[in-house]
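Take the given structure of chain V and dock chain B to it, following the hints.
2 protein chains.
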Amino acid sequence: MGRSPGTLLLKNARLVNVFSLSLQHTHILLAGRLVAAVGLEYAQAEAEQVIDLEGRWVAPGLIDGHVHLESSLVSPAEYARGVVPRGVTGVVTDPHEIGNVAGAAGIEWLMEASEGLPLEVWVTVPSSVPSTPLETSGARLGLAEIERLLAHPRVVGVAELMSFPAILAAEDGELKKVILAERSRKSPEGHAPTLTGPALQGYLATGIASDHESTTLEEGRAKLEAGCFLMVREGSTTRNLAALAPLLRPEHADRVGLVTDDRLPSDLLREGGVDFLVRKAIALGVDPAYAVRAGSWNVARHFRLARRGAVAPGFQADLVVLDDLHSFSAAQVYQRGRLVAERGRMCVELPKTRVSSAVSQTVRLPALQPSDLRIPARGGKVRVVRAIAHQVLTAEEHLEPTVRDGEVVADPSRDLAKLVCLERHGKNGQIGKGLVTAFGLQKGALACTVGHDHHNLMAVGVSDADIVTAARRLEALGGGLVAVAEGQVLAELALPIAGLMTDEPLEAVDAKLQALEAAAKALGVSLPDPYMVLSFLGLAVIPELRLTDFGLVDVRQGAVVGLFVE
Amino acid sequence: MGRSPGTLLLKNARLVNVFSLSLQHTHILLAGRLVAAVGLEYAQAEAEQVIDLEGRWVAPGLIDGHVHLESSLVSPAEYARGVVPRGVTGVVTDPHEIGNVAGAAGIEWLMEASEGLPLEVWVTVPSSVPSTPLETSGARLGLAEIERLLAHPRVVGVAELMSFPAILAAEDGELKKVILAERSRKSPEGHAPTLTGPALQGYLATGIASDHESTTLEEGRAKLEAGCFLMVREGSTTRNLAALAPLLRPEHADRVGLVTDDRLPSDLLREGGVDFLVRKAIALGVDPAYAVRAGSWNVARHFRLARRGAVAPGFQADLVVLDDLHSFSAAQVYQRGRLVAERGRMCVELPKTRVSSAVSQTVRLPALQPSDLRIPARGGKVRVVRAIAHQVLTAEEHLEPTVRDGEVVADPSRDLAKLVCLERHGKNGQIGKGLVTAFGLQKGALACTVGHDHHNLMAVGVSDADIVTAARRLEALGGGLVAVAEGQVLAELALPIAGLMTDEPLEAVDAKLQALEAAAKALGVSLPDPYMVLSFLGLAVIPELRLTDFGLVDVRQGAVVGLFVE
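Protein chains in written order, with the numbering used here: chain V, -18 to 547; chain B, -18 to 547.
This is chain V alone, in the form it adopts within the complex:
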């Protein structure tokens, strides 16, 4: 009411009012972590600090509706340092990756590691750990564990129910995950790529409340009309905003939100997080007030984040002062009423990330010899995985293998490299072996412990000895990415947190990724983003041919298949 002095008075703001979609010339009075009041009556209100914004815009802090923080390869604190200065004050993360490595303990570590940040991190409980029965993950999350995690106050839903064939088959276990979320008044989140028509109706009939996989306007519109909360995604690999921007309209009320899903360090540094979507939406012609609303209030409302997503009395004072609304250029960012970033830089100390035992030393390999990677020759053609540039998809090819001394071997002259998936959670030491083409690798090996979704050690190499060297190096690092040739490590990035993340700065990670890319190129690799592609070669839910520690998986059949075509 202005009866006692506030902590901060922001005078002469042009407030993006997400309720009326108007630009409101007003004053904003903060009291500690909350917005106390908004109104022209407060021109002379007392406050510890008074700033005259001289007509600059104020928007609510943005909230990313669906992101896998692990994809940034950095700790939550480092991720915050990357996006908070851009005006992002909250994310809803799906810790699917760390859940696959370290289970509930990994998710709990992530919650601890994001406590007290100037970025609020809400969590949806991964619904599909492991993603398939054809892989060895580091952990399993059953219904009892999902239910337990749902009770946490920062948990706001069950994450993307991605096994849509199981859902359309009405498998009891999957449907129960929806019910568990509803019972705790939290959100059952969806993942329904390409679904329209009866399949979409069937998927949503379970009660699943959202989807972030739409790629066309028609698909997006069908989902919206069917009652789905439509998350418009612009990730690093998958970019759907241009196609779906026509749905970002005031008539669609709070039914559309903005999400990044996966953003790599280079994109975070150069484009940003969900702020990039607001900026791009405005550039695509979306009403700026509605674009801000889709990236703040609509997401807060979908997940029922109390007192978040707007600048209004009683709301948490998470807000961005903008030099320019159209380019969403953050001059200052306030979180919980405190100035946390200015002119693109954090101006508060970030808590140090503690790496607990639950997420460290997670790379546990069996005793490993180059001979363990031998593939005895037999007659006939073999299945070969064809990597595809800029795509998560792969293709299956049938080729005559190159055989030497009774062994199927890599053959750089035919662009055939050996592909290995090494169980690395210390569970059973299984080794999946196969061949891959399209990398262009001429010598040495590339390896990484980011291997969707089980995060076993994925390696591509023309030398078995170099694959073993790479694996050993990754074990010593506690996980990461490495390029090896002739027994020497050429470049590396350590990811000692669950083999997925580091607490190094984003800029350092980006530099090391560039060095890894350069090393791969020096080894002959012609494929862009070879580590990204390698990390997806074990993802046994996306067609066509994949390699897990169980061996080659034909995704269309949903079954392990032999290397040799029968």
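The reader is advised that the hints may include incorrect statements.
Some residues of chain V that are not near chain B, with every Cβ distance over 12 Å (derived) [claimed, not checked]:
id, residue
1, A312
2, L331
3, S337
4, A489
5, A500
Here chain V is said to cover these stretches of chain B; the calculated rule only asks that three of the stretch's residues, wherever they fall, bring their Cβ under 8 Å from a Cβ of chain V [stated by the list, open to error]:
id, region
6, -7 to 6
7, 10 to 18
8, 187 to 198
9, 201 to 212
10, 234 to 248
11, 279 to 289
Straight-line alpha carbon distances no greater than 35 Å define the calculated DSBU-like cross-link-like pairs of lysine-lysine that follow [claimed, not checked]:
id, chain 1, residue 1, chain 2, residue 2
12, V, K333, B, K157
13, V, K261, V, K502
14, B, K493, V, K(-8)
None of these hints come from the bench; they were simulated from the model.
By construction, the Cβ of each residue, glycine as well, lies at the ideal position given by its N, Cα and C atoms.
Just chain B now, kept in the frame of chain V:
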């Protein structure tokens, strides 16, 4: 998906799509209690029953966002019989009245009595029982009880926090009620009549999420812009829809809902429940799809009622087939997928209401003699309550009393009647005594056990003996309304459930109310709705002068005052 036969196929519907605000020509397939699918693909879908709607409209069942069911004077089952055939399939009720009489046990009875109805009844926990410290209520609801009730799955919030002076004074107990609601992910509901400017900002800064007391466009707009969920009310006494209709616009997304608050039997029978608001909003020029949305989805969304408020896959099949959208004329009503009403009549059996001991025989009076109502005379003027037609407000007047045999007495020639408030919960037998003008009563007495908010026995009379007769009759009936003259009961309505409700049909109640009104008129009463006015004369939160069992209350001072002006 249409893979197995549904229970009902509604072909050729014009669906009011509350997500896209479009009228969608489509087919709707039900599977048991849920909507299985919506789409043109289902023209030939198999179902146990197929109905061709030939282009008739289908809307989601309406949900009333705030109502006191007790105001209907009938049981929840009878209320359902009144509104379900009109297209209402849900209400959010605030059992403030029965809570004041019978506490948590009364609220629990109401939940039991609304179990299994074709009308879903969600509950907000009354936040102000008792309403003031200047009255004896039948029960108190403390923080521990509010917290316990919040855990019930059908409880969706804490009801209207009406002690706004206490809230603006930041009283700890009131603020805790907001926090309790937030913690359980339920809604802290508001009640902020006339608040705008800094008082409104202060009220909402607590986290209170809604208001249903706006009477002007300016007030409504200010609340909407400040982040408040704006409930537009059209009750029996307070009618705000015409003033606020301009705010019912698609740009305001899901921020506006429709509520009835209080509707008397006659209005329920002649106008209806929240369906009346949809009809009237459309007549006032509101986009019909948006009017339906405000009366269904927006309310469901505000209270996070999972799978309610829309006709879409996975939603509960609560829907209305309309002969005409503009007049919202319900031809058929389906609830949980079952045809429950057709052409204005229920077509299913309603469960019989069981009256538990918690809510029966709640009228417990002290031994009472006419002499107990004597008011000894003193010198000087007395405070007199002036009743005001069609208003809840009263005025205070200072008059010379008529004195006979040393007693202040009623004086019909001066339109001065005796006003009595008799503690009737068996707590202390306190009797508040005073004088009232403007009724026009010439003989006898009127009395009722509906007496907001404490629901003590309120009586107005020119004969002390007739007041006692009326009170004794109400005790025998277990509560109700009565008109008495010369020791004879002229008309009565028994309200044996907590002294507030009956399980008789709405039509019978309406007829008895008319007989009571006629009896009052025969006794000289010139004031319209005398029982309604009488029932509010003890409401010690609305200016100016009231009478509780503590005595006269000056509401502006918030204190008990003497009958004689000092």
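Here's how the hints hold up against the structure:
no. : hint                : result
1   : A312                : 24 Å, holds
2   : L331                : 28 Å, holds
3   : S337                : 28 Å, holds
4   : A489                : 40 Å, holds
5   : A500                : 50 Å, holds
6   : -7 to 6             : holds (count 6)
7   : 10 to 18            : holds (count 5)
8   : 187 to 198          : holds (count 3)
9   : 201 to 212          : holds (count 5)
10  : 234 to 248          : holds (count 3)
11  : 279 to 289          : holds (count 4)
12  : V/K333 with B/K157  : 34 Å, holds
13  : V/K261 with V/K502  : 32 Å, holds
14  : B/K493 with V/K(-8) : 61 Å, violated
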